[in-house]
Amino acid sequence: MATAVNSLSNNKSRTKKGLKLRFIEQRYLLLLLAPAVVWAIFFAYLPMAGLYMAFVNYQPSLGDFWSNLFRSEFVGLDWFDYFFSNGDFLVIMRNTLASTLLTLVISFPAPIVIAIALNEIKGALFKRTVQTVSYLPHFISWVIAANIIVTVLSSDGIVNKLLQWLQLTDESILFLQEGRYFWWIVAIGNTWKEMGYSAIMYLAAISAINMELYEAARVDGAGRFKQIWYVTLPHLKPTIVILLILSLGGVLNAGFDQHYLLGNGLNQGYSDVLSTYSFRYGLQNSMFSYASAVGLFNSVVAFILVVIVNFSSKKLNNQSLF
Numbered sequence: 001m002a003t004a005v006n007s008l009s010n011n012k013s014r015t016k017k018g019l020k021l022r023f024i025e026q027r028y029l030l031l032l033l034a035p036a037v038v039w040a041i042f043f044a045y046l047p048m049a050g051l052y053m054a055f056v057n058y059q060p061s062l063g064d065f066w067s068n069l070f071r072s073e074f075v076g077l078d079w080f081d082y083f084f085s086n087g088d089f090l091v092i093m094r095n096t097l098a099s100t101l102l103t104l105v106i107s108f109p110a111p112i113v114i115a116i117a118l119n120e121i122k123g124a125l126f127k128r129t130v131q132t133v134s135y136l137p138h139f140i141s142w143v144i145a146a147n148i149i150v151t152v153l154s155s156d157g158i159v160n161k162l163l164q165w166l167q168l169t170d171e172s173i174l175f176l177q178e179g180r181y182f183w184w185i186v187a188i189g190n191t192w193k194e195m196g197y198s199a200i201m202y203l204a205a206i207s208a209i210n211m212e213l214y215e216a217a218r219v220d221g222a223g224r225f226k227q228i229w230y231v232t233l234p235h236l237k238p239t240i241v242i243l244l245i246l247s248l249g250g251v252l253n254a255g256f257d258q259h260y261l262l263g264n265g266l267n268q269g270y271s272d273v274l275s276t277y278s279f280r281y282g283l284q285n286s287m288f289s290y291a292s293a294v295g296l297f298n299s300v301v302a303f304i305l306v307v308i309v310n311f312s313s314k315k316l317n318n319q320s321l322f
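With the UniProt record's numbering, the residue at position 281 of the sequence shown is 281, and numbering never jumps.
Fair warning: there could be bad hints in the mix.
With a straight-line Cα cutoff of 25 Å, these simulated DSS-like cross-link-like pairs (lysine-lysine) come out [as the list claims (entries may be wrong)]:
1. Lys226 to Lys122
2. Lys127 to Lys20
3. Lys226 to Lys127
4. Lys237 to Lys315
5. Lys226 to Lys237
6. Lys122 to Lys237
7. Lys237 to Lys314
Derived Cβ-Cβ restraints for the label pairs, each shown as a range [said to hold, decoys possible]:
8. Val91 to Leu33: 41 to 49 Å
9. Asp170 to Lys127: 40 to 48 Å
10. Leu97 to Gly265: 16 to 24 Å
These are calculated hints, taken from the structure and not from any lab test. In this text, a Cβ means the ideal position worked out from N, Cα and C, and glycines have one as well.
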């Protein structure tokens, strides 16, 4: 017994020494990491104390924020009950899920296709040109992107002119004034803006594939499409799974900027999602506790979805985020 205790004690001692040695050896890397850790603590974790606002009836005043917050009347889950029971919940959830899932269906495969297509291009100049053009929309703010979309879809915009030239319609379609088009507009806009930049990760994964595998496939008589199917896609699978888990975790995060900038009074029945709803009640109507409850609901559901999808992926494919 004593021998076992001494052995365990020695193992712990060696572990502590090893950990200390690794800290010393990686001190410069840890020093570089320190600003990010400090930023995360101050801007990601400490503000979580404000989640208490979702459980009180917060009334702002000219006094100190924190003392005013913790002295507010505790109402428990009343704000959540109000959100689930009022008539807005079903509409907001419908818009959020429809917009996000449609965006996911269209935008998730797009960067994979672009990355594979760019990998197959042999002309270096043309390849760099296409990469640059596809990356650029990512660096444009949604304010500018929304104005481009509004201009393109206006009654005298290029889309309506093209539809009339092809004789698909006799008069201009008011895309942003009819709610039935809104989810498609946001989905296509998100895809256009992010697909080039998202393709970078897939291109990096493709560049790590051993070229001898392609040579072996060619020797076996595989053409380009079979090489993509049997070599490229299987090696992209871990990257695809990880990014899919992250995407499904944000299924309730439909995006504030695009819905707020492209939405208006005529399409609000389709454009109002959790983020814009929370903004409207929190800042415009000064219902801060209610907006906090809506935001907390969004975060909790996102966390649960990430855990469920990650667990399912680990069981089915042995690929997971954690």
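The hints, checked one at a time:
no., hint, in the structure
1, Lys226 to Lys122, "18 Å, holds"
2, Lys127 to Lys20, "48 Å, violated"
3, Lys226 to Lys127, "22 Å, holds"
4, Lys237 to Lys315, "15 Å, holds"
5, Lys226 to Lys237, "16 Å, holds"
6, Lys122 to Lys237, "24 Å, holds"
7, Lys237 to Lys314, "13 Å, holds"
8, Val91 to Leu33: 41 to 49 Å, "44 Å, holds"
9, Asp170 to Lys127: 40 to 48 Å, "42 Å, holds"
10, Leu97 to Gly265: 16 to 24 Å, "23 Å, holds"
Violated hints amount to a single one, hint 2; each of the other numbered hints is respected by the structure.
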